[in-house]
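S.K.: So you can see what is in the structure, the chains are spelled out below.
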Amino acid sequence: MAEPKTISITIDGVRTDVAEGKTILQAADAIGIRIPRLCFHPQLSILGACRVCIVEVEGQRNPVASCSYPAAEGMKVKTSSPLLRRLRRDIVELLLDNHPRDCQTCERDGHCELQNLAYDLGVRERLFEGERKRFPVDKSSRAVTRDPEKCILCGRCIRVCEEVQGVCNLGQQSRGFMNTVAPAHQADMADSVCIHCGQCVNVCPTAALVEHSSTEEVLEALANPELHVVVQTAPSIRAAVGEGFGYPPGTPVTGKMVTALRLMGFHKVFDTNIGADLTIVEESAEFAARLQRNERLPLLTSCSPGWICFMERFYPELIPLASTCKSPMSMLSSLVKTCYAEKNGIDPDRIYVVGIMPCTAKKYEATRPELVTKSGKPVTDAVLTTREFVWLARCLGVDFRHLPDGDFDSPFGMSSGAADIFGATGGVMEAALRTAYEKLTGQICPDLDFTMVRGVTGMVREAMIQVGDRSVQVAVANGLGNAKKVLDKVLSGAKQYHILEIMACPGGCVAGGGQPYPPAGMDVLDPELAKLRAKALYAIDANKKLRKSHENPELMRWYSECLGEPNSSRTHAMLHTRYNAREPRGIR
Amino acid sequence: MKNEHKLPETVLTFIDECLRRTHAESYLIPVLQRVQNHFGFLPKSCLDEVAWRMKVPYVKVTGVATFYHFFSFEPRGKNRITVCMGTACYVRGAEKVLSRFREVLGLSKGRNMTDDGEFSIECARCLGACALAPVVVVNDRVHAGVKPDDVPGIIKAIRSGKAGGVSARKA
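Read top to bottom, the protein sequences are chains A and B. Numbering follows the working numbering, in which position 449 of the first sequence is assigned residue number 449; successive positions increment by one, without gaps. Numbering follows the working numbering, in which position 125 of the second sequence is assigned residue number 713; successive positions increment by one, without gaps.
It is worth saying that the hints were derived from the structure and are not from the lab. Take every hint as true, because none was put in to throw you off.
DSSO-like cross-link-like pairs, simulated, lysine-lysine; straight-line CA separation at most 27 Å:
no. : chain 1 : residue 1 : chain 2 : residue 2
1   : A       : Lys343    : A       : Lys374
2   : B       : Lys735    : B       : Lys697
3   : B       : Lys697    : A       : Lys133
4   : B       : Lys632    : B       : Lys594
5   : B       : Lys648    : A       : Lys139
6   : B       : Lys735    : B       : Lys750
7   : B       : Lys744    : B       : Lys666
8   : A       : Lys76     : A       : Lys5
9   : B       : Lys684    : B       : Lys744
10  : A       : Lys489    : B       : Lys648
11  : A       : Lys485    : B       : Lys643
12  : B       : Lys648    : A       : Lys484
13  : B       : Lys632    : B       : Lys697
14  : B       : Lys632    : B       : Lys648
15  : B       : Lys594    : B       : Lys666
16  : B       : Lys632    : A       : Lys139
17  : A       : Lys489    : B       : Lys643
18  : A       : Lys439    : A       : Lys544
19  : A       : Lys139    : A       : Lys377
20  : B       : Lys643    : A       : Lys484
21  : B       : Lys744    : B       : Lys697
22  : A       : Lys439    : A       : Lys548
23  : A       : Lys439    : A       : Lys495
24  : B       : Lys632    : A       : Lys133
25  : B       : Lys666    : B       : Lys632
26  : B       : Lys648    : A       : Lys133
27  : B       : Lys648    : A       : Lys485
28  : A       : Lys5      : A       : Lys22
29  : A       : Lys531    : A       : Lys485
30  : A       : Lys495    : B       : Lys643
31  : A       : Lys22     : A       : Lys76
Given these sequences and hints, build the entire structure.
M.R.: Dropping the structure here:
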């Protein structure tokens, strides 16, 4: 392939060489000049809608949008001038005029890109006073709340939903003053093809899209003396929650997180990791059985609730291939409300289980009618995102950075390294391979690091793994847009795998829809951010003695005391679930 | 009126034709026009069926349909009356013509179709026939220089099956 041509341009007097085809904004970014921006997102297509990134190009009569304007040889660009400052300020003032004036009471206060931009541009008074658009808030979805009045029509959510996730649920509807971003027919989110992944929440610059809040119900439960309130934390939380308290991305803060939860009043702090170990033991037994009989292959992993919802709407014909295992969260919740309740003599209806998850789809999962106790109550009572947990800690006066390290409570506190890596794309596969290898061959797995399935970049990763005398074809996809590509190949017969791991979010749970908004200088969906968080998880795994799920002694005790054999009718009744095709069906 | 509208055979054939062409999705607007020609409006179920058959996400179909004023989501009457509200027609009294139509047809505020489904009324931005202002189009027949007092006569003529006006193609 020919080398891309290099051209040289001058930005604010600085000469720089860039590859042909790069935009002015990209060229400026590379030399440390950050042109203000709003609708632009480096991982999404270029829209050029907001015009905040305008610059002056010598020889051009009018300012141009630098996000979409390609750099050209000899071009002289000014990114800052009295004219540009005034124009940008006008643009943002006009946006603010059509925006509620409730910053102090807004969910995104302090994390709002519009607020920050207005501050950076020096908007200190509101000059325009006009009529404001009025729309009701859509709280129908258990995962994503949509407030069209706060929407500035930047179109990032539309692009992430279509380009990254391949769902295409959101779009601009109607025109002019009535223009709004909504699902088809301006239907409620709950009646749309939304798969609850929350990536729209992640990329939204304002509070037009936020997670459905569950903090009030959790606070109420904590204050209720009748309840035994139990919390569990997902594998990926420990590598991301620190960012909410000022730690750099990729700082593991497991110990402080446990202490914080205890201070917040949770009676038991359990680790979803043991649920992950349980999932692996069940899923690899299921996989081994299917592999030996050569039926219903490839096995599709089922931990990611966004992916499960996507399958039910977009690929219902693949439902028989999906592992019937509940997600780690639901497995642990089920175990808490059965075996644990029985053993400790607690009425399951008096146990309140809270999951701290990187995920908005987990909020939806908790409400699934299949995942209930004998008395019909949900096994998981409430799900908080990582962001909600950070807020709750602040609200309850927890000084996170100064907390000593704590340990998870037994009997759900011990986990293998295989469970920690669940939080990154490829992690479930690697964890399953460690256990399936030993189960299928009866021998000790020689190398626990299946590095060929690691990596947070968007591509589908494939590998052939020798398990005894069998060659096992595995594939890993993250981001549903990528998953779509590989699933179409599976359906057409172009690809034959034995096991396929799919995580809905690009990079896996570490970049889930409920994770902290990125620190300054980083964008949501930034592969670097996912990489740093994933690296922390792999480091935790590498430093653990216990690295295989089926060797977790605490878990094995639950099997011998309560569960019986893996993949047996008893575990199927307790730990497995079923899926249903859902309307409206997605168009793929 | 039926709740579930199914795409008529002619539209299904047209969609199949489009799907054989390159950039099939670019025929979305012609497809929607045919649906509207058939029903007089775009029923929700038909939008979903178009999306499904053309493999265009629902939200893009409704996005296009809600963008153009030409498309309507409400059922229309057997006789469609369009009053031009463009600048020329407006200054020559189109608003009075419109309110007279509403009065004669007994349409209260917010209602655009008579209870018997015989008449519906809508406004147009500009029909491009400014020299004939104020212009009213009834079922593709153009009435030029309409005065409020002409309205009862126009309605009466339609009721008795007379077309009146000039064919839109000639005008």
